[in-house]
Amino acid sequence: GAGVSQTPSNKVTEKGKYVELRCDPISGHTALYWYRQSLGQGPEFLIYFQGTGAADDSGLPNDRFFAVRPEGSVSTLKIQRTERGDSAVYLCASSSGTGPSGANVLTFGAGSRLTVL
Amino acid sequence: GESVGLHLPTLSVQEGDNSIINCAYSNSASDYFIWYKQESGKGPQFIIDIRSNMDKRQGQRVTVLLNKTVKHLSLQIAATQPGDSAVYFCAENSGGSYIPTFGRGTSLIVHP
Numbered sequence: 001g002a003g004v005s006q007t008p009s010n011k012v013t014e015k016g017k018y019v020e021l022r023c024d025p026i027s028g029h030t031a032l033y034w035y036r037q038s039l040g041q042g043p044e045f046l047i048y049f050q051g052t053g054a055a056d057d058s059g060l061p062n063d064r065f066f067a068v069r070p071e072g073s074v075s076t077l078k079i080q081r082t083e084r085g086d087s088a089v090y091l092c093a094s095s096s097g098t099g100p101s102g103a104n105v106l107t108f109g110a111g112s113r114l115t116v117l
Numbered sequence: 001g002e003s004v005g006l007h008l009p010t011l012s013v014q015e016g017d018n019s020i021i022n023c024a025y026s027n028s029a030s031d032y033f034i035w036y037k038q039e040s041g042k043g044p045q046f047i048i049d050i051r052s053n054m055d056k057r058q059g060q061r062v063t064v065l066l067n068k069t070v071k072h073l074s075l076q077i078a079a080t081q082p083g084d085s086a087v088y089f090c091a092e093n094s095g096g097s098y099i100p101t102f103g104r105g106t107s108l109i110v111h112p
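Chains as they are written, first to last, in the numbering used here: chain A, 1 to 117; chain B, 1 to 112.
Don't take every hint at face value.
[Stated by the list, open to error] In silico BS3-like cross-links for lysine-lysine, where the CA-CA straight-line distance does not exceed 25 Å:
no., chain 1, residue 1, chain 2, residue 2
1, A, Lys11, B, Lys42
2, B, Lys37, B, Lys71
3, A, Lys78, A, Lys17
4, B, Lys37, B, Lys68
5, B, Lys56, B, Lys68
6, A, Lys78, B, Lys68
No lab work stands behind these hints, which were simulated from the structure alone.
Please construct the entire structure, taking both the sequences and the accompanying hints into account.
As structure tokens, this is what we get:
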């Protein structure tokens, strides 16, 4: 697609429920990232995929968070037993691997705003 | 809607003025830096980048300066326009990592 697409744009759920957030990256981008952004803060890294595999998941806060990218394109971030502290904007980004200075530039989606009541 | 700029450092300027947004980093191994612009309700958008072997890089109306001695990065925007109003983040990569680490951000408000 022309850009990174994220759905839903807004999700309101109750504490303890399960949610899935979807990311459709730019076609051909092998690298995919999930970040979380709380109000007044910069994006915080969660997980990075290179192709189908999670190359780095060190940012996932605990085992309630999981992400998949089974065919190396669309990715789903899954959150189990949601807590009020999970409320944030979840950003997805993809990259082709090189930018003007020869290094990594990310293209972000608009984000999925999650509110846990 | 909700403001991404809430609680952030804020810079207010008049339209037409030059703006300077600063960023300090702590990792001496950082070797690649990017400035992103984030408008309300949108994801961060690439503005300009610089490698650690450079001190200065210019784009269209924007200049990034890097001072590795004091671990400081700045973004200069010439002739600031109302459309430049947004939150600006610096991000850094280190040691060949593909994972940028973002700073806290600065909210730029441009008054017509």
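Results of checking the hints against the structure:
For the suggested pair lysine 11(A) and lysine 42(B), the alpha carbons sit about 16 Å apart, so the restraint of at most 25 Å is met. This hinted pair checks out: lysine 37(B) and lysine 71(B) have alpha carbons roughly 21 Å apart, not beyond 25 Å. Among the hinted pairs, lysine 78(A) with lysine 17(A) is consistent with the structure: their alpha-carbon atoms are about 11 Å apart, no more than 25 Å. The hinted pair formed by lysine 37(B) and lysine 68(B) meets the criterion: a straight-line CA distance of about 23 Å does not exceed 25 Å.
With a CA separation close to 11 Å, the supplied pair lysine 56(B) and lysine 68(B) stays within the 25 Å bound. Between lysine 78(A) and lysine 68(B), the direct Cα distance comes to roughly 39 Å. Violation of the 25 Å bound is thereby established for this hinted pair.
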